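A.B. asks: Sequence:
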Amino acid sequence: MRRLLLAGIAGLVVACGVPLDAGPVPIEIEYELPEDVAASDGEDLVAMLMFLVRTDRLVPVTRDLPATADLHGVIDSLLDGPTVPEERSQLRTAIPPATMLLGVESDGSVAIVDLSAGFTSVGGEEELLAVAQFVLTLTSLPGIDSVGFRVEGRPTNVPLPSGALSEAPVTAEPYLNLLDLGDESG
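Residue numbering for the sequence shown follows the numbering used here, beginning at 1 and increasing consecutively.
By construction, these hints were calculated from the structure, which means they are not laboratory data.
Computed from a predicted model, the values in this text were never measured in an experiment.
Glycine included, C-beta positions come from ideal geometry on N, C-alpha and C.
Be aware that a few hints might be false.
Here are the simulated distance ranges between beta carbons [what the hints assert, rightly or not]: (1) A117 with G182: 29 to 37 Å; (2) M100 with D64: 20 to 28 Å; (3) R88 with P66: 21 to 29 Å; (4) D64 with E167: 32 to 40 Å; (5) P155 with V84: 30 to 38 Å; (6) S121 with D44: 35 to 43 Å; (7) A117 with E43: 29 to 37 Å.
Kindly produce the complete structure, drawing on both the sequences and the hints.
C.D. replies: Rendered as structure tokens:
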């Protein structure tokens, strides 16, 4: 009786088991990255702080940039404007689209940014916000305390929130009142 019971259990186990194939069987899984996610090529990324505009206030966002990103790479990312998810959060840039980076260098704790003439295509509040985007983004980097601006290689005046103009490098402090810290996105 015991043999019969064991034979029955063995038969059930064999009948309910996983069928054996001649070899591995490929299984296709449909998967795509969302449009706002890039595949990693194994490069180390670090979170960098950028500042974008929501209505008339600056909002801090973080972006993952290569760990090797220098001032040029950070500014390029800022000039790219908002990402798709940032746009969905109603963030924008005040930096004119015709603005191109002609050069950037650091002189001690001062970043000197040389921009194309397209940067001067806005004025008033938009110009103030555009300058603040550069200043707050760059001074959030280690070792950078102020930002000087050039247009087509020549020093240029930039607006301060007080209404004054400065040709000298500017610090983040005067622009801090333009921050909207209520919603950090990114």
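A.B. asks: Could you run down the list of hints and mark each one as holding or not?
C.D. replies: Structure-based check of all given hints:
1. Distance hint check for A117 and G182: the Cβ-Cβ separation is about 35 Å, which falls inside the suggested range of 29 to 37 Å.
2. Distance hint check for M100 and D64: the Cβ-Cβ separation is about 24 Å, which falls inside the suggested range of 20 to 28 Å.
3. Evaluation of the 21 to 29 Å hint for R88 and P66 yields a pass: the beta carbon distance comes to about 24 Å.
4. The hinted window of 32 to 40 Å between D64 and E167 holds, with their beta carbons roughly 35 Å apart.
5. Checking the proposed 30 to 38 Å range against P155 and V84 shows it holds: the Cβ atoms sit about 36 Å from each other.
6. Between S121 and D44, the C-beta spacing of about 37 Å keeps the proposed range 35 to 43 Å intact.
7. A hinted range of 29 to 37 Å for the beta carbons of A117 and E43 is consistent with their spacing of about 34 Å.
The structure fails none of the hints (numbered hints given earlier).
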